[in-house]
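Undergrad: On the provided structure of chain A, position chain B with the ligands as indicated by the hints.
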Amino acid sequence: MTVSPTQTTVPAVRLSGVGKSFGSTHAVRDVTLDIRPNEFFSILGPSGCGKTTLMRMITGFEEPTEGAIELGGVPAGGVPAHKRDLNMLFQSYALFPHLSVHDNVAFELKVRKSHPKQAIAEAVRDALALVRLEGYGDRAISQLSGGQRQRVAIARALIGRPSLLLLDEPLGALDKKLRAEMQLELKKIQREVGVTFVTVTHDQEEALTMSDRIAVMHDGRVVQVGTPEDIYERPATRFVAEFIGTSNFLTGKSDGAVLTVDGLGTVPLPADAFTGEAHLAVRPEHVRISSGDPAPPPERASLPATLQSVVYLGSATRYHLALADGGPFIAETHGTGPAGLTAGGPVLAHWDPQASRLLAE
Amino acid sequence: MRSLADRATGWLARGVIVFLYVPIVVVVVLSFNDSDVTYKWAGFSTRWYGVLAGDTDLLSSLRVSAEVGVASATLATAGGLLAAMGMARLGRRFRAVFSGGLFLPLVIPEIVLGVALLSVFGTLRADLGLTTLVLGHLVVTLPYAALIVLGAHGALDPALDEAAADLGCNAWQRFRRVTLPLLRQPLVAAWLLCFTISFGNIVMSTFTSGVGTTTLPLRVYSLLKGGLTPEINALGTLLVLFTFLIILGAGLRQMRRVLVGGDGTPG
Ligand SMILES: Nc1ncnc2c1ncn2[C@@H]1O[C@H](COP(=O)(O)OP(=O)(O)O)[C@@H](O)[C@H]1O
Ligand SMILES: [Mg+2]
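From first to last, the protein sequence lines are chains A and B. Letter 228 of the first sequence, counting from 1, is numbered 228 in the working numbering, and no numbers are missing. Just remember that the working numbering sits 361 ahead of the position in the second sequence, which is counted from 1.
Bound conformation, chain A alone (with noise of 0.2 Å):
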């Protein structure tokens, strides 16, 4: 679902230059972003850069030392977070290891006492099928494995119907397989249940396949928000590039249509590039190689360089490259690429200079 940005709704979360330290650490700096009601809105970045911290003053674990929150138009200063109508999926899951899974579901609607004792079993009963763990609700927890404890974690998050819920690492620690049937499957509930739904993740991939939108933090900051392909494609910093799949980056100054770098001539660049230092990221995926007869089209961007090896990947293979600089450079193709190059032989790699990006930093 996209969500025109003219659209006058009231934010899910807004952040206003929320910042928080511990002692001299600056987990946060400055963040300020609007989360719409509705979206799958990821906070992606590496370990450590504060994605946490973020989200546990959304959730009122931690109260900012700068900035405010507000949510769906209410500001959430001093407000504790048993008062809060969001829901957090903590890492560990979190499930009362002293209750059955039907009571784990049902504590929230207990606790509350929002429902009649009949409204409540059959509340667990339909939480419990949208996990697709119906009959589950008299097990114990320590029967569960790891997939089917998430299950419940979801089921008694969303149980109360929260108009947020906020996910930290959901799947990390899940196996290869069984994550990538979460990502469809999580999405999936959020769809069928209509809650604005925050993960918090440093996998790039699982970012990119379920988000609707994706925040990129780096050092306590928000360096980037947009769609995945706007992340993807238009990377705003040489950080994100380099964060988000991979890039090669060619680093010299720009005159607005050529970039000249030290010891490898000019390249021509996309259009209203700006002009000064700069960073030119093309993605291995853009990137040509032939032994250079016949030459590529003159509009292309051609830089000589050496093949070191080639990589088969199944679906594609991988040439990396040594440029006339001693520098790396890596392309790819889908399925086998040209024929007759022998590793330690002359190539050219030639992009389409649209299809590269020029970053400030």
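Everything labelled a hint here was simulated from the structure, so no lab data went into it. Heads up, the beta-carbon is just placed ideally off N, CA and C, and yes, glycines get one too. Honestly, I wouldn't trust all of these hints.
Stated by the list, open to error - Derived coverage of chain B by chain A (criterion: at least 3 residues anywhere in the stretch with Cβ under 8 Å from a Cβ of chain A; other residues may be distant):
no., segment
1, 512-524
2, 537-543
Said to hold, decoys possible - Below, a sample of chain A positions facing chain B; criterion: calculated Cβ distance under 7 Å:
no., residue
3, F22
4, G23
5, H82
6, S92
7, E108
8, R238
9, F239
10, V261
11, L264
12, T266
Said to hold, decoys possible - Quick list of the computed label-pair ranges, beta carbon to beta carbon:
no., chain 1, residue 1, chain 2, residue 2, range
13, B, V468, A, S47, 35 to 45 Å
14, B, D367, A, T209, 53 to 63 Å
15, B, L606, A, S24, 54 to 64 Å
16, A, R132, B, A611, 53 to 63 Å
17, A, T65, B, A457, 39 to 49 Å
18, B, A439, A, K117, 52 to 62 Å
19, A, S47, B, A457, 23 to 33 Å
20, A, G48, B, L485, 50 to 60 Å
21, B, A457, A, R132, 12 to 22 Å
22, A, R132, B, R368, 50 to 60 Å
23, B, V549, A, P116, 33 to 43 Å
TA: Showing chain B with the ligands alone in chain A's frame:
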């Protein structure tokens, strides 16, 4: 073929068990002794149980010991729980200082604590009685309760408390619905240990008991001078029986937990 070392360990283990239970068996057997002294067998009789039932002095000291045991075990366990929950909120450095202070009485000889406490009560002009006895026993038992509860509380996943808050619990509800049930077993263990320590205590009781509040161990100790009769064995037998009943009750519950809540195969 089991090695010689294996067999030796097996026999050693059996020997230890026998050693542990010999006194209990002896007490039970000698309680049915139809003799006026404990060390000579003179045929089977239940007459000492009759004597015990009419011995108001001994029974009243049993009652004092039970009351002091229940009071000090309850206060010590509650204190241990409060200390554990309070310390979870302290910074690392304060926690080290505080727990050091809490466990210090463990390494101070009880007789020193007793003398010190007696001077404190004297300065305060407090009458020695049940209250001073309970306070004295609290000094002895609290470190043990704190040790047990602190360890168990520290092993809890802090996310459980946060999850409860997240699901709508205020501080009291988090305590009632999550912390307390998760700590039930260590709390029961701490209470029983404290009760046992208090019930058997002599040194601290010597300093803190007053007129009319003689505890059972003090009474038994004073009987030594006049010579012990199998009446003491009858009392001991009843206490052993009582303890076994408690252990049996707790053990059955434990067993049911293992059978119902243990690890089954998922799927
Ligand atoms: N309670 C805390 N006390 C002190 N430092 C903390 C605390 N929580 C987090 N930090 C620090 O804040 C930074 C960000 O941590 P975190 O938000 O957990 O990162 P992430 O979830 O992205 O891995 C880290 O340097 C971490 O050591
Ligand atoms: Mg984290």
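Undergrad: Run every hint past the structure and note whether it holds.
TA: Consistency of the hints with the structure:
Only residues whose beta carbon comes within less than 8 Å of a beta carbon in chain A count, and the segment 512-524 of chain B has 5; three or more means the coverage holds. Requiring three or more residues with a Cβ within less than 8 Å of a Cβ of chain A, the coverage given for the segment 537-543 of chain B holds, as 4 such residues are present. Below 7 Å, beta-carbon pairs count as interface contacts, and F22 (chain A) has none with chain B, the closest being about 12 Å; its hint is therefore violated. For G23 (chain A), the suggested interface contact is broken, since its CB lies about 11 Å from the closest CB of chain B, more than 7 Å.
Taken as an interface hint, H82 (chain A) checks out: its beta carbon lies about 5 Å from the nearest beta carbon of chain B, inside 7 Å. With 7 Å as the threshold, the beta carbon of S92 (chain A) comes within range of chain B, its nearest partner Cβ sitting at about 5 Å, so the hint holds. Because the closest C-beta pair between E108 (chain A) and chain B is about 4 Å apart, less than 7 Å, the hint holds. Annotation: R238 (chain A) was flagged as interfacial toward chain B, and the flag is violated, the nearest CB pair being 36 Å apart, outside 7 Å.
Interface hint at F239 (chain A): violated, since its Cβ lies 30 Å from the closest Cβ of chain B, which is beyond the 7 Å cut-off. Annotation: V261 (chain A) was flagged as interfacial toward chain B, and the flag is violated, the nearest CB pair being 50 Å apart, outside 7 Å. Interface hint status for L264 (chain A): violated, as the beta-carbon distance to the closest one in chain B is roughly 52 Å, over 7 Å. A hinted interface residue such as T266 (chain A) counts as satisfied when its beta carbon comes closer than 7 Å to some beta carbon of chain B; here the least separation is about 56 Å, so the hint is violated.
Take V468 (chain B) and S47 (chain A): their Cβ atoms lie about 43 Å apart, and the range 35 to 45 Å holds. Checked against the hint of 53 to 63 Å, the C-beta distance between D367 (chain B) and T209 (chain A) comes to roughly 57 Å, which is consistent with it. Range check, L606 (chain B) to S24 (chain A): about 59 Å between beta-carbon atoms, so the 54 to 64 Å window is met. Taking the beta carbon of each, R132 (chain A) and A611 (chain B) are about 39 Å apart, not inside 53 to 63 Å as hinted.
The supplied range of 39 to 49 Å is broken by T65 (chain A) and A457 (chain B), whose beta-carbon atoms lie about 26 Å from each other. For the pair A439 (chain B) and K117 (chain A), the supplied restraint of 52 to 62 Å is violated, since their beta-carbon distance comes to about 33 Å. At roughly 29 Å, the beta carbons of S47 (chain A) and A457 (chain B) sit within the given window of 23 to 33 Å. Our hint of 50 to 60 Å for G48 (chain A) and L485 (chain B) holds, since their Cβ atoms are close to 55 Å apart.
As the Cβ distance of A457 (chain B) to R132 (chain A) is approximately 48 Å, the hint placing it in 12 to 22 Å is violated. At roughly 55 Å, the beta-carbon separation of R132 (chain A) and R368 (chain B) lies within the given 50 to 60 Å, and the hint holds. In this structure, V549 (chain B) and P116 (chain A) meet the distance hint of 33 to 43 Å, their C-beta atoms being roughly 34 Å apart.
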